[in-house]
Each structure stands twice: as structure tokens, then as C-alpha cells.
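Protein chains: 2
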Amino acid sequence: MTQQIALKSRPIGVTTADNFETRTVDIPAITIGQVRLMAHTFSVDPYLRGRMSDAKSYVAPFTVGEPIMGGVIARVIESCDDGFKTGDFVLGMLPWQEEMVVTASGLNVVNGNIAPLSYYLGILGMPGLTAYFGLLDIGKPLKGETVVVSGAAGAVGIVVGQIAKIFGCRVVGIAGDDKKVNYLLNELGFDYAINYKSEINISNAIAAACPDGVDIYFDNVGGVISDAVIAQINYKARIIICGQISLYNSTRIPVGPRPQTALLKKSALMQGFIVTNYASRFPEGFKALVNWVANGQLKYMNTTYYGFDKLPEAFIALFEGKNLGKMIVEV
Amino acid sequence: MTQQIALKSRPIGVTTADNFETRTVDIPAITIGQVRLMAHTFSVDPYLRGRMSDAKSYVAPFTVGEPIMGGVIARVIESCDDGFKTGDFVLGMLPWQEEMVVTASGLNVVNGNIAPLSYYLGILGMPGLTAYFGLLDIGKPLKGETVVVSGAAGAVGIVVGQIAKIFGCRVVGIAGDDKKVNYLLNELGFDYAINYKSEINISNAIAAACPDGVDIYFDNVGGVISDAVIAQINYKARIIICGQISLYNSTRIPVGPRPQTALLKKSALMQGFIVTNYASRFPEGFKALVNWVANGQLKYMNTTYYGFDKLPEAFIALFEGKNLGKMIVEV
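Protein chains in written order, with the numbering used here: chain A, -19 to 311; chain B, -19 to 311.
One chain only, chain A, in its complex shape (with noise of 0.2 angstroms):
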């Protein structure tokens, strides 16, 4: 018997606890290639908001009454596979139950030696890819030019400052209170942050940190921030839509000026992507950030639940701007 939340119903707006249900439920006996798996540190991420919709997206949604599926690092405790043994740690995407049994197929093992266990929910996995990717394939970043970062307090926002700023560009971040500001300027280097909750006017607060323009724009968040943002946009600009958390909980289509006559103007181009589509590049992009973890180039922070009752808690609380870096939930 094992403690494990489920969907319970469907969010309409924003998430609310009793959206979730905690149960608890029996775990099969273990086959081979099989593994029991206990829970070590669970992911906690905006595209959960997707998949609890019903709306066509790019993953399919969460059933109702099933558990909630995501980013999992998990202890093996018994295995029945020979690449799997007891005591590794193991990342999957897996459902959210303190202990399991699951196919050890689509399991890794990750390696505490080469970094902390958590980063490989953060830094070195699919955060961290989405920024490594989405600037460098998609933004082509060059020396000099201003990169404006929304969410770029969160889990892959401080990646992509800080992978902008190696590359030599002048980086501006955007987040949701004054400590984060700080953390921004005073721990990653960034040139300059905005608090967009204490600005009056987000449009002059955005030009007054831009003043040769915008020339890459990283999106995590969407709505009247962005509208900003595109109005200071330079000639062939690079606008990457990594996410739209602003817009998530919107119980109707959102309505804001049309982009598209900023971007003619510009010849500028705005490009929707998910990390999963770099799959095969995966390798080359967790090469380089393991690289620049090493050399301090590239710092990274979490912010910690304790305890795996808190998931619900967790979930709720990044709409809430309540994370600095990468929301986990620790067992």
C-alpha cells in the first residue's frame, strides 16, 4: 500500500486543491523488467497545467481518476532487469506515488557524482534542454545583442540568462518580486531585471532597459508583458515561445494586440517549440550544460517542498509566482 494523488477533477481557471485526490493504493507484485521504485524528488512544472485540460495540446491530457504523471527521481529499492540495480537513482516520467513498480524500460539512471540529484529535473533535464535550445537553436544569440527574458526567475528563465550572458549578449530579465530581481543581478549576473509587479507602466519600464531595442525575446509567460516587450523589438528579432503561464488558467481565449504587424514591420520571427522536438540533440545540449555547471558558468537553484503530500501545494504556488529557480517536491 502506497500513498499516490490523482487528478480528481478538471481545473477550470485556476488549479485548486480540490482538484486533486490523494488515495491510497496497492502496488502489483514486481516481474522481470520490472524495478520498485521509491519516490526520491518529484518535478513540478507549468505544463502540468496542460495536461489536466481536456484542450488538444502538444501531450495528451491526464485522465480523470489517474494519477498525475511527471518527472520523477526515484530510488531503486528491488529490480527484475538487469540495467537497474538496488540504490540507483533513476529519472522517469512517472506517476506521483511514493513507492512503485514500473517497466524499467524508459527508466535513466542519473548520477549524483556529476551534480546534485535535483538538477536532473532542472539544469541538466528538461528545463534546462528547453533553454539551451530554444535561445540557441531558435534565438541565435550573437555577442552584443539584448536578450529579454520573461519568467527569468524560474526554472528555465535563470538558464537562459545565464546561457545568454555567455554568449556575450546583454541580458534582461523580467520576474514577479524584488527578491528575485535581486537573485537575478546580484547572483547570476544579469544587466538588468524588472519587477513588472511594482511598475507602473510594464511598456516604459521595458523601454527604459532596452534602449538599443530587443533583439531576442525568451518567453515563459505571454500575455501584456509580451505585448510590451514586442513593441521595442529590433529588425529580424527572435521572439521563442517556451510558455505562456500567464495565459494558463484563462477560462477563454485570451485577446491582446495583434503581433503580427510588428513582426512585418521587423522581419521578425516568432517561433512556438517544445523541447521534446530537439529529442535527438538531446545529448549534445546535456554535454554542454554539464560542461558549464562544472566551470561555474551556469548556477542554478531550487525551490524545495518537503514532504510528498506538498505536490498539490506545490503545483498551485508556481501560478503563484511563489518559486525562485525550479520548483521540486522532496520525499
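Treat the hints with caution; some may be incorrect.
The list makes no distinction among identical chains, and a pair is therefore deemed to hold if it is satisfied within one copy or across any two copies.
As the list claims (entries may be wrong) - Okay, derived cross-link-like pairs now, BS3-like style, lysine-lysine, Cα gap no bigger than 27 angstroms in a straight line: (1) Lys177 x Lys216; (2) Lys123 x Lys279; (3) Lys159 x Lys120; (4) Lys216 x Lys302; (5) Lys123 x Lys145; (6) Lys267 x Lys(-12); (7) Lys120 x Lys216; (8) Lys216 x Lys65; (9) Lys267 x Lys279; (10) Lys(-12) x Lys145.
Hints are computed from structural coordinates only; laboratory data are not their basis.
What you are looking at is a predicted structure, and each value in this text was computed from that prediction instead of being measured.
Start from chain A and add chain B according to the hints.
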């Protein structure tokens, strides 16, 4: 003494005859490096609307009180430049004026034996090159893909659709009257054409026209037509922002459904451009277009107004959708 049409006042919203002034001007004496020209055919293009405003764009605004400038084919009637002789036909960015003395540099001789002279303003000129580079360089059409083009019966749209057919695509055109729809279907071989003005629900009409979704959208018009097309895009769709004629007369910032969410969900690209970005590759594009015209693989159509004084009327008619193919004025 000759006739000239100048910008009398900047249009607010829809352009009217009052925004133009026809006046008589002196012609200066000709000097070394100059030619005397008699205008033959004027190009009448939507982008001129942008230059009539003083908003910042990719080309500088016209000055009130100065002549409108655009693509003009003219006959050399006197030459003080070794590159040109009397009787040559030349293409240049020239004032809306019947007779003129201009610097010869910047003019190009056009050959009426290769194609009708007017084609150098259309399929072998900027509109043709716009279609060629926008569709092929940004759109990258693959055989069997669905290509939707708005403003499909315009100077650019008819070339886009025909090139897409050459590349083996299924082509859906959107236009504003039944005559245009019939032309696209019966003369140009489009697979499907929609008269958006006669559709009660444009979203349903586009969904019905594109049962396999939209891989490439070549957008000349913007606005609600684009909203409906973007709702149907496929994974890794390419949206080419070539024009936004439905918005050019807006007096406030156009608002609509934000396209970023669709771009994100579909890993889709939206790219604005102006043909002069491809100036270094114009010879490649010109060569391809000339060959396709010679082969009979590309057809072209002008809507011609006759008489210099008809220029303002032809320009205004463009925004009323009265052109089938390229709008020109022959003197």
C-alpha cells in the same frame, strides 16, 4: 511642365481622394548622368499606405507636399548617361509624374521581349519575388502539404499559390468575391478557394477547406481571416507574414486572439519579412520566375486603370479589393 501627384495630407483610416493633390510642376534641364523619362506604367501597391503614415516602419514615410514614389516603368526620351539610350524602357522607384528628369543610377532596363513590360512590376518584380522568397525561404513547402494563402487573388497571392502547386502542395486560396474565386479555381488550378465575404462562418469554411490542417499560411491580409486559419495549423506549421492589408487603415492598435498559444502548442513558426531582405538573391528568384513564366507554369493577371489621373482612384480601389492580380495604371 508636367503633371505630378503629391501627398496632400496623411490619411486617417481609409485613404480618400482628398489625401492626394495633382499639380503641374516644372521639369529641370537634363545634365550628365541623367535621363529624361516618359512614364508608361505605374505600380499601385498596398505597402504605399504605410509610407503615407508617419508611423515608424520598414520604409521611411512620404513627406506631405512631396510626390508619391513607387515602382514605375518609363520610356527614355533623352539620355545623358551611357547606360541608357532613347527608346529604352526602364524600371525604377520614381515619382508619380508623367514626364521627369532623373539620375540614371538606380534604373534598370527592362526587356519587353521576355515578358510584357507590366510583368516587371508584378510577377517578375517585387510581388513575384515576394511570393518566391516568402513561400520558399520561410515556408519551405513539401509535396502534399496544405498551403493557405490569403489575399489569394492579389499581385502576390496568385504567384504564391501557383508556386505552391509547382511544389506539389494542396493550395487553398481566400479571396473577396466570386470572380476571384473562379479565377483561382479555373485559371490557376487552386485546389480550393473561399469567398470570405459570402461565408457566414469563416472558421468553419477554413476548417472544411483544410481537412488535414494547415502546414503553411501565407498571410497577406491579417485580422479575422488569419485568426480562423491559425486555429487550423498543424505541428511545425509555418506562417509567413507578408502583409496585413485588412489592418492598414486601422486608427488604433488591432486586437484579436493571441496567436502565441497556437504557436506554442504546434511548435509553429510565424515570420515577418520584406522582400528587400533577399536583395542579394534577387537574380536567383528572377531567373526561376522567368523560367516558370516561359514554361507556362506561372500565369499572371493585371487589373489596369488607364490614365495618369486615375492613380489615386486605383490606389483606393486596392483597399476595396477591386483588383484581380496586380493593380497598375497605364498612362
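Hint check, failures only: 1, 3, 4, 6, 8, 10
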